[in-house]
Structure formats: structure tokens, C-alpha cells
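Enquirer: Sequence:
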Amino acid sequence: MAMRLSTAFAAWISFVPVAAMSGHVPTAVVPALFAPDTIPAGADDGAAAFAPDGATVYFMRATGDGSTLMESRRRDGRWSVPTVAPFSGRWHDLDPAMAPDGSFLLFASNRPTASGGPPLDAVHAGKRHVGQGMNLWRVDRQGDHWGAPVRLPDVVNRCSLIASPSIAADGSLYFIGCAGPRGDFALLRAPYHDGRYAAPRAVALGDAGATVRDPAIAPDGSFIVVSIKHAPQAPYRLAIAFRTADGWSAPQDLGDAVNGGTENMGAQLGPDRRTLYFYSDRRAAGAQADAAWNNGHDHIWQVSLAPWLDAHRRIDP
Numbered sequence: 133m134a135m136r137l138s139t140a141f142a143a144w145i146s147f148v149p150v151a152a153m154s155g156h157v158p159t160a161v162v163p164a165l166f167a168p169d170t171i172p173a174g175a176d177d178g179a180a181a182f183a184p185d186g187a188t189v190y191f192m193r194a195t196g197d198g199s200t201l202m203e204s205r206r207r208d209g210r211w212s213v214p215t216v217a218p219f220s221g222r223w224h225d226l227d228p229a230m231a232p233d234g235s236f237l238l239f240a241s242n243r244p245t246a247s248g249g250p251p252l253d254a255v256h257a258g259k260r261h262v263g264q265g266m267n268l269w270r271v272d273r274q275g276d277h278w279g280a281p282v283r284l285p286d287v288v289n290r291c292s293l294i295a296s297p298s299i300a301a302d303g304s305l306y307f308i309g310c311a312g313p314r315g316d317f318a319l320l321r322a323p324y325h326d327g328r329y330a331a332p333r334a335v336a337l338g339d340a341g342a343t344v345r346d347p348a349i350a351p352d353g354s355f356i357v358v359s360i361k362h363a364p365q366a367p368y369r370l371a372i373a374f375r376t377a378d379g380w381s382a383p384q385d386l387g388d389a390v391n392g393g394t395e396n397m398g399a400q401l402g403p404d405r406r407t408l409y410f411y412s413d414r415r416a417a418g419a420q421a422d423a424a425w426n427n428g429h430d431h432i433w434q435v436s437l438a439p440w441l442d443a444h445r446r447i448d449p
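Our numbering numbers the first residue of the sequence shown as 133 and each following residue consecutively.
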């Protein structure tokens with residue numbers, strides 16, 4: 133039986149202690165299920181990363197005790213039955229993120245850091261978790277196919293628990309990684325200059341007690357969507373923050389209509405940069421209550437960010 137994505141994520145973040153938001157929701161918006169006629173009802177899927185033309189999507193699917201990256205293509209208005217991505221299928225791969233220009237894709241994986249080695253262990257607070265580590269890897273687009281995965285340098289993969297990448301148009305990398313003397317999880321940003329990443333620094337977002345996960349940065353860096361919570365037992369909720377002259381605005385909760393179910397994770401922006409994709413175990417009501425997919429599994433959902441983006445533009449043109 134495959135592990136739920138939300139269950140796998142909970143196991144991952146249990147390695148570290150957990151340490152939302154404000155604002156008026158502009159209007160009631162209701163998420164729609166992504167590709168309900170194609171994605172198997174019993175699958176647990178998340179983190180949809182689209183090619184710039186919107187015709188190909190990569191996402192993670194729970195498999196056994198881990199996850200695999202899948203690929204689907206849109207033809208004649210329908211998405212194809214997903215297949216395992218050509219660079220995935222052996223190790224625990226998750227959190228795909230597409231570069232804004234489609235030239236490369238990043239993902240997290242427990243695959244060996246050296247050829248022929250064992251899967252990456254997670255090490256934290258003096259404890260070793262065999263095969264449960266994660267580092268970030270990159271695959272470059274080479275014509276009509278993908279190259280071989282390459283591990284990002286140690287300046288990014290500075291510990292054994294690195295995940296949730298998101299890429300700005302200037303190459304800057306936002307991700308969840310280890311920070312501070314205890315190696316606690318934090319939202320980090322690694323600038324990119326002349327083909328190299330600089331040392332990442334923590335991104336101050338929300339109050340000091342907030343736990344932030346799964347960033348989705350706008351290509352121009354003008355806004356960011358994250359999953360955020362304030363208490364260990366609280367559910368993660370999606371929120372949006374906007375760039376200000378001295379950092380970021382207070383994260384604004386996307387409201388109960390968006391934040392359904394027990395967790396709302398894996399934020400990704402669609403090719404139009406105004407549609408949010410995320411995964412949740414939310415259930416639908418009304419006419420969709422009896423749908424086969426309405427079963428409590430983690431599915432990919434989509435919702436327009438236009439109300440929040442337009443409201444912000446009116447306030448700060």
C-alpha cells in the first residue's frame with residue numbers, strides 16, 4: 133500500500149522541532165481538481181511542475197514507502213495517462229520544480245551522492261535515519277529529452293535534509309533546508325550569479341514562531357506562496373506574501389475555501405503565473421460528493437490567484 137504524501141511529509145518533518153497569517157480574503161474562490169478524468173482515484177499525487185507551454189506536467193506520486201516523479205502530456209485538451217519520468221523510478225524522488233524558461237528541472241531525492249553508493253541517510257540531532265535523506269538534484273532539458281540528474285553543489289546541499297525547491301527567473305533558488313546552529317528547517321534563498329549559487333540565507337517570512345514549508349516564488353520575485361502554521365498540531369495552510377521595500381509583507385491566508393482537508397502543501401505556480409497548484413486530501417461536496425476521486429487521498433488541485441494579485445495591485449500599483 134502506498135504511503136500518503138501527507139504522511140510521508142509528516143514523517144520527514146518529525147526529524148526537527150516545529151516552531152498564520154493575516155489579511156482579508158478578496159473573494160471566495162473554490163479550487164478545482166486537476167485532471168480528474170486522467171489521474172487514478174486511488175493515487176496520492178502532488179507538486180505539479182509545468183513546462184512553460186503548459187503542455188507537460190511533472191509531479192510526485194506516493195509509491196510504497198516513498199515517491200516517484202511522473203510525467204503527463206496534454207493532447208487534444210486531455211492529459212495522458214501518467215508515466216514514470218525518464219530520470220526517476222529507482223530512488224525516492226519528490227518536489228519537482230521547473231525553471232521559468234523550462235531549461236531545467238530541480239527535484240529532491242534520497243539517491244546516492246556518489247555513483248554506486250547507498251541511498252542518502254538523514255542525519256539530525258545525532259540520529260541517523262537510514263535512506264531517509266534528501267538533497268536537491270538538477271536535470272537539464274536537451275532538445276526533446278532530459279539529461280542525467282546532477283546533484284546541486286554543497287553550498288545548497290549543506291545537510292542531508294534539503295527539499296521543496298522553487299526557482300526565480302534570475303536563477304535564485306528558494307527551498308527548505310537546514311539553518312542556524314541546530315540545523316533547524318527554514319525557508320532559504322540562494323542567490324545565483326555567473327553560473328554559481330551563493331551561500332543561502334534565511335528568508336524572514338511571518339512571525340518568529342511560524343513554520344514555513346513548500347515555497348512557490350513568482351518568476352519576478354514579486355510574490356511567494358507557502359504552506360505555513362503556528363503550532364505543531366495545526367494544519368499547514370496556504371498563504372501569499374508580497375515583496376516589499378524591506379522584505380516581505382505579512383503572509384495572507386488564502387481562506388477556508390482554498391485551505392480544505394487536513395493539509396495543503398506542494399504549492400506550484402502554473403505557466404500563467406496566476407494559477408496555484410497544490411495537493412490536499414480535501415473532499416468535495418454537492419454534485420461531486422460521489423465522485424470516485426473524492427476519497428480522502430492526496431490529489432492535485434488548482435485555484436486562481438487573480439483575486440489576491442489584483443487586490444494587491446490596486447493597493448500597491
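In short, the hints are calculated from the structure, not lab data. These numbers were taken from a predicted model, which means no experiment stands behind them. Among the hints, erroneous ones may be present.
Stated by the list, open to error - If you anchor each label on the Cβ, the simulated ranges turn out as follows:
#, residue 1, residue 2, range
1, 443, 205, 22 to 28 Å
2, 417, 263, 37 to 43 Å
3, 328, 222, 37 to 43 Å
4, 221, 187, 19 to 25 Å
5, 235, 162, 32 to 38 Å
6, 259, 187, 39 to 45 Å
7, 259, 173, 16 to 22 Å
8, 314, 213, 41 to 47 Å
9, 174, 205, 44 to 50 Å
10, 174, 394, 24 to 30 Å
11, 406, 314, 36 to 42 Å
12, 382, 314, 35 to 41 Å
13, 261, 334, 36 to 42 Å
Cβ atoms here follow ideal geometry from the backbone N, Cα and C, with glycine treated the same way.
Enquirer: Could you work out which of the previously given hints the structure breaks and list their numbers from low to high?
Expert: Hint check: 1, 3, 7, 9, 10, 12, 13 fail, others pass.
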